[in-house]
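Trainee: From just these sequences and the hints, can you work out the full model?
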Amino acid sequence: MKQRRHTLTAWLFLMPFLILFSTFTVFPIFYGFWISLHRWHVLDQTAPFVGLGNYGNVLQDDLFSIALARTALFVLLTVPLGNLVSLLMAVGLNQRYRGQAIYRVCFYLPVVTSVSVVAVLWRWLYSTEFGLLNLLLGVKFPWLSNPNWVMPSLAILSIWWGAGGNMLIYLAALRAVPKDTLEAAEIDGAVGLRRFLSITVPAIKPAIVFCFVMGIIASSQVFGQTYILTGGGPNY
Amino acid sequence: MRVTAIFACVCILIAGCQDRPGPSGTVEISFWNGFSGPDGATMEEIVKDFNRENPRIRVKMEIIPWATYYDKVTLGLAFGGAPDVFVLHANRVPEFASHGALARQDDLIRRSKIDEGDFVPQVWKAGLWDEGRYALPLDVHPLGLYYNVDLFRKAGITSPPRTLDEFIATARKPTRTDERGEKQWGFAFTWLHSNGLTFLNQFGSGLLTDDLKRSAMDTPETKQALNLMLRLIEVEKVCPRPEGSDAWLGFQTGRVAMAMEGIYMKSGLDNQKDLNYAAAPVPQFGPVKAVWAGSHCLAMPAKQDSKRRQAAWQFIRYLSDHSIKWAKGGQIPVRKSILASKEFKDMPIQREFAKQLDYVRYEPFSVRFNQISVFGDAAIEAVVNRVESASKALRTASRRINRVLDQP
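Line by line, the protein sequences are chains A and B. The first sequence maps to residues 136 to 371 in my numbering. The second sequence maps to residues -7 to 400 in my numbering.
Some hints could be false.
What the hints assert, rightly or not - Restricting the straight-line Cα-Cα distance to at most 30 Å, the calculated cross-link-like pairs of lysine-lysine (DSBU-like) are:
| # | chain 1 | residue 1 | chain 2 | residue 2 |
| --- | --- | --- | --- | --- |
| 1 | A | Lys275 | B | Lys165 |
| 2 | A | Lys275 | B | Lys265 |
| 3 | B | Lys146 | A | Lys275 |
Hints were generated in silico from the structure; no laboratory data involved.
Mentor: Structure follows, in structure tokens:
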């Protein structure tokens, strides 16, 4: 009896989440799949069933493979470098000095900024004629309109935007590295980079794996910054 | 108990949000558009005038920025909540009409004795689909040649160019590099979509063939047009490469002497206090007389009760009859009687743009225009920026356009 009461309480607590989750995530997934099996236009009264025809169309469309390749390139550019930046920031913040909290807030600030604000901000930085970046470098470099450079430009923005989030995870992991192991390594003569690579990195490996996996997922879904900054151009 | 109370509150709220009939049989109709710039203020004035002159109808205008406008209109038409009158660009009318979302206006036009003969013939085609009238063109906004009067005077230019040779000779004069290494240009491409299509149209080419069934991109005419654009950049050197240059800002700040933009840019230029500008028809670059143009058309939803339909039509008629007010805000009216009025002839910029009305060219009235347009733009952009060769870019664009057209 008591057991059942507990289960009921648990379900009641889960209910709000489950209702929202199934309404706004589970149902749309299945509904989206259902739509994908039809020739669907939102204004049409009827939607003929076409089976897997839409999927066949996508596979034949060379824009689909272009989009896949571009996304893969974006993931390659942002995830390893982005994690390196986050880790370096975390290592830096893990030292003891004054004003640590302020730095932490500053580095984390971009993460809480919405994509549209970030994109508009960087559009001004990247602007060829009037951009701050070109002013500082004294050049007229087409950051966003040169097809070869637009991807690195977007990657820089995305790394800046997201680095703070992973930094926090790395910082927590660094704090959890056992002090005695670090001391033991020091006594054995392992200092600096040696100690970092042999003791710290293996100790925070779970955090690294987590950040890479989440990073790959997030980067594969990139949309906002490219849409606002370049509208999908130049040259797709 | 409490749940019931909350439920009751929600019910009252929902009921309160629904529109109620106004005092003494007033019909309230909604009017949507995307005029989020200075044109919105002009339209607001006209709506206010209408409401004052027609006490039995109350128009409520809602401005939704163009970026999200069509999504909202589409959803409104599909799931209810569509406005009673809404603006569609001429190039989007066939798409909405083909899905049965728009009301036919032919009967209303016949009954209210709107005279087709009073409309500019080239513009009357906008809003037609499958031999039916689904939207009434309110205005027409062609490209025109804006030029900087001060730069012209300094370079000793007395009149705007009309032919290709005159254009190149004119553009050469103000083009120079100053002592600080800052470039000043005779001409610049602003929006490649409208500028590029004007070049294509003037060489007898375009996005689609006349029957709207195939791509017309991969043709010798398109190549000729694009080659001329490249020549202006690379051989004559009177125009910067479009890549990475904000040409319109350059014109506004007096670093570009000529640019081809729509009449709707006029009010923005008027706010630029130290800019002394004028306008002229777009020069003749190729063998065909043509200039890119669009129109704002007034449409009504297919599902609408007759009382609202009548009121909506009365409002549409009013807008058309009073489009001189709309013209003042930076538009070209499409009624010959208004174009001939002294009031319009006194608008120096609009008057120049209106000289092109006999040969304005709309984007193809294809049901799938919105899907194919991007492929044409990408090809033009890739060619003039030397990212791809013309033959490769045009072949790719044609293939993609035809693919979309071939879908059932």
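Trainee: Look at each hint and say if it fits the structure.
Mentor: Hints and how they fare:
1. A:Lys275 / B:Lys165: holds, 24 Å
2. A:Lys275 / B:Lys265: holds, 27 Å
3. B:Lys146 / A:Lys275: holds, 27 Å
Checked against the numbered hints above, the structure violates none of them.
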